[in-house]
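For chain P, the structure is supplied; the task is to place chain F on it using the hints.
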Amino acid sequence: MDFLSNFWGNVVLGFSVAGTPFNLLLCFVGVFLGTLIGVLPGIGPMTGVALLIPLTFSLQPTAAIILMAGIYYGAMYGGSTTSILVNTPGESSSVVTCLDGYQMAKKGRAGQALAAAAIGSFIAGTFATLMLMLFGPWVAGIALKFGPPEFFSLMLAGLTVVTSLAGRSLVKALFATIFGLAIATMGIDNQSGVPRFVFNNPELMDGLEFLVVAIGLFALCEVFVNMADMKGAVMERLSIKGSLWMSKEDWKRFFPSCIRGTLSGFFVGGIAGAGAAVASFVSYGLEKKASKYRDELGHGAIEGVTGPESANNAAAGGSLIHLLCLGIPGSGTTAIMLGALLMIGLQPGPLLFTQQPEFVWGLIASMYIGNVMLLVLNLPLVGMWVKLLDIPLYLLMLFIIMFSFLGVYTMNNSIQDLFLMVGFGVIGYLMKRLDIPAAPVILGIVLGKLMEEKMRQSLVISDGSLMIFINRPISLFLLLLAIVAITNPYWKQIGRVVRRLFGGAPAV
Amino acid sequence: MKENREERIASIVLIIFSATYLTGAFFIPMPALKQQLGPGGFPIAIGFAMLILACIYAWQQFRGGTTAKESEEEIEKRAVIIGAEEKIEKKADLRTMGFILGLMLLYAFFFEILGYAISTFLMFMAGAFYLDRRHLVRDGVIAVISSFFLYYVFTILLRVQLPAGPLKFLEF
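Going down the list, the sequences are from chains P and F.
Position one of the first sequence corresponds to residue 1101 (my numbering), numbered consecutively onward.
Position one of the second sequence corresponds to residue 4 (my numbering), numbered consecutively onward.
Worth flagging that the hints you see were computed from the coordinates, not collected in a lab.
If you only want the chain P side, here are some residues facing chain F, beta carbon under 7 Å, derived:
| id | residue |
| --- | --- |
| 1 | Ser-1292 |
| 2 | Phe-1519 |
| 3 | Val-1522 |
Sample of chain F residues with no beta-carbon within 10 Å of chain P, all distances over it, derived:
| id | residue |
| --- | --- |
| 4 | Ile-15 |
| 5 | Val-147 |
| 6 | Leu-170 |
What follows is a list of derived Cβ distance ranges for each label pair:
| id | chain 1 | residue 1 | chain 2 | residue 2 | range |
| --- | --- | --- | --- | --- | --- |
| 7 | P | Trp-1345 | F | Arg-141 | 32 to 40 Å |
| 8 | P | Gln-1160 | F | Phe-29 | 42 to 50 Å |
| 9 | F | Arg-66 | P | Leu-1576 | 34 to 42 Å |
| 10 | P | Glu-1303 | F | Phe-157 | 21 to 29 Å |
| 11 | P | Asn-1301 | F | Thr-26 | 16 to 24 Å |
Cβ coordinates follow ideal geometry from the N, Cα and C atoms, glycine included.
Isolated chain P (complex conformation) (with noise of 0.2 Å):
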């Protein structure tokens, strides 16, 4: 009885927090630029959040974190929406969406795909919230019994998890993290106050700063992707022909898949830890495995809606449990928050749970007041979204440039962070031409100084034995489990080997 009556506590504590009038208009502005975000082509949830976290300075954490996870929510919510119409995912995690949604409108069932989508967003991202609710100060009681060797391994796994799930090339993505943690090195080392990698330059003396990074490798990449490579581009949109409301039949064939999407997509990105865009790609195969009307999958099916939907957004909110109670991000997008919120001192972690209560049940309550706007928002007003799609491409990229520099300037009025900014946008445009993925460079920043604490950390209780990383059961588990995420593409190669080795015994 007593978990649950702190339980409700902690409910009705997170509500009065959230149900502030001014925390209610933070939810409804991050949700409304999120859904604007989402909706947009070419500016993903990475870069919205990356663009607007300069609005969060002046905040106290609590009501920075309700903004920006609104701004994330909602952004998961806008993709869905031109993939339907226009057959262009506003970001990577709504690509699977087009294969049917797109389908689905040009028979002229727009409006029930948009309503599949919609709904079946709003139902797993309430059941992952509610798991957040239930699992999260669990989870985070576990955590609080990890060392620092435990620590280093978990962001170890972390970052292994996610880097081996990043692009085409396993080389190209662990560069690109170990990149991240590079750049993560450079200023005043914090534990000796030795200089690294200053240059003799005073402003660096704190590091290159994150949001430098991140604007400059998802924002200004973007304007130079755009503009050299599709200026001009016309998009075709379907319009929403018939009516929103889904027939029976639909509702019939709805629930099965939303709930297989939203089961599949939580253990995706809450327990597995990978990001959104994955849990969709799983959503789709379990579809075509499970689905009674598999058949039609591709043509305009509304499981494919509804699935990858329900799926993307359950590891959204799932993914937010390793942010709160690890302090690990799962995906791109929440690496940029750890980072937002590191910025504002805040440093998320199981401790969060116990000693900054309102904070953590505040968040978890404005999610669900978040959920039910965003339904409010998105059904009845989709076709004002849709307008969005006019505003020319040239200005948007202009807007872009315009609202990068205004960030990175308020930051810390320094003109070397907006050359640097400019820099990281070139290495950006490079990087996607090399197809080598940006996220995991943010992922290493973010992560970078505090893997090197830890790392020190236990070094300093082992007295300079790397040997404390496997005598410790748990610290062992995590680093077997980040070889797994590493070895993962080789294993079919391994096991061919293995197979040839032993002439042709039967493998399992």
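Using the frame of chain P, we list chain F on its own:
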């Protein structure tokens, strides 16, 4: 094969970068107080890892042939994950690219000298003029709103400091 050349050059650049970083890491001074792992340890480890990866990358590029280790489908499945990783296949418009880069550099250079409002207005107009000059009046109105109007919103309503430049006398 042009693409491959690009990647070959990139792999060499990455090796040079990694080697430079690693060398720099070895020159990090040790603090007077002895520590289990000084400030140089972590960067050295990172430097080695980066150098090894860059060498593997170069080896993959120079060995020639295709890197068809994984089946196409497998590669595509992982491709879209994390941050719209669509591969740029069209030929880049280098002139526009150079213009945008120059625009950004000039904007950064004049940001404080001319102040936010004037530099933003000029950046916007220059961009619109180069990219699409069919709607200059409309774009001009948008430029005024996003420069002068936004300046007042930020400095007076939100109390965020922005450089005033020559318009200092307008402040109150």
